[in-house]
Amino acid sequence: MYRFEIDDAGVLKVETSGFWDVPTARGYLSEMKRYLTNVRDRWGYSLVLVDGRESQIQPKEVMDEFENLESLLISTRGDRAAYIVANSLAKMQAQRLTASERLKVFLSPTAARTWLTAYEVGDRR
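Yeah, the sequence shown ends on 125 if you go by our numbering, and it's all consecutive.
Since the hints were derived computationally from the structure, they do not count as laboratory data.
Here the structure is a predicted model, which is why all the values come from computation and not from measurement.
Yeah, the Cβ is synthetic: ideal placement off N, Cα and C, and Gly gets one too.
One or more of the hints may lead you astray.
[Stated by the list, open to error] Using 30 Å as the maximum straight-line C-alpha spacing, the simulated DSBU-like pairs for lysine-lysine come out as follows:
1. K33 - K13
2. K60 - K91
3. K60 - K13
4. K33 - K104
5. K33 - K60
6. K33 - K91
7. K91 - K13
8. K104 - K60
9. K91 - K104
10. K104 - K13
[Stated by the list, open to error] Now the in silico label distances, taken between C-beta atoms and shown as ranges:
11. Q93 - D21: 15 to 21 Å
12. E5 - S71: 21 to 27 Å
13. V22 - E101: 29 to 35 Å
14. E5 - F66: 18 to 24 Å
15. L107 - V22: 24 to 30 Å
Whenever a hint applies, use it, and build me the whole structure from the sequences.
Right, here's the structure in full:
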């Protein structure tokens, strides 16, 4: 369903897969908050790389749980997040859900990581 890992560069890497229910979405958000707190405490801001290529289209009640995800991901100076999706339709749908220039959607993992790490804000702790 989901897996979190902080790499040596301080990038929070997240992999999501499958079809979720509301308890799974709530668990994911709880874990995301915990990991974001750890990353921000250590490095001052968060860089998040979410690989959702194995995720399914989620039902409305699950998507409703993610209403405030953008503000969770992009809340401090320097925060950036990149989502990797499986196809152009998923990319178009995901782009409609974001208003921030610091959260982008990609088809390519390489392009996502390059964009995510290209604009460091000052020295990370």
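Right, here's what the structure says about each hint:
1. K33 - K13: The given pair, whose Cα atoms are some 13 Å apart, holds under the 30 Å limit.
2. K60 - K91: holds (18 Å)
3. K60 - K13: holds (25 Å)
4. K33 - K104: It holds: about 19 Å lies between the C-alpha atoms, which stays within 30 Å.
5. K33 - K60: holds (22 Å)
6. K33 - K91: With a Cα-Cα distance of about 24 Å, the restraint between K33 and K91 holds, given a limit of 30 Å.
7. K91 - K13: The given pair, whose Cα atoms are some 19 Å apart, holds under the 30 Å limit.
8. K104 - K60: holds (22 Å)
9. K91 - K104: Roughly 9 Å between the alpha carbons, so the hint for K91 and K104 holds.
10. K104 - K13: The hint holds at about 15 Å.
11. Q93 - D21: 15 to 21 Å: holds (20 Å)
12. E5 - S71: 21 to 27 Å: Check passed, 23 Å falls within 21 to 27 Å.
13. V22 - E101: 29 to 35 Å: Since the Cβ atoms of V22 and E101 sit about 30 Å apart, the hinted range of 29 to 35 Å holds.
14. E5 - F66: 18 to 24 Å: holds (21 Å)
15. L107 - V22: 24 to 30 Å: holds (28 Å)
Comparing the model with each earlier hint shows no violations; every hint is respected.
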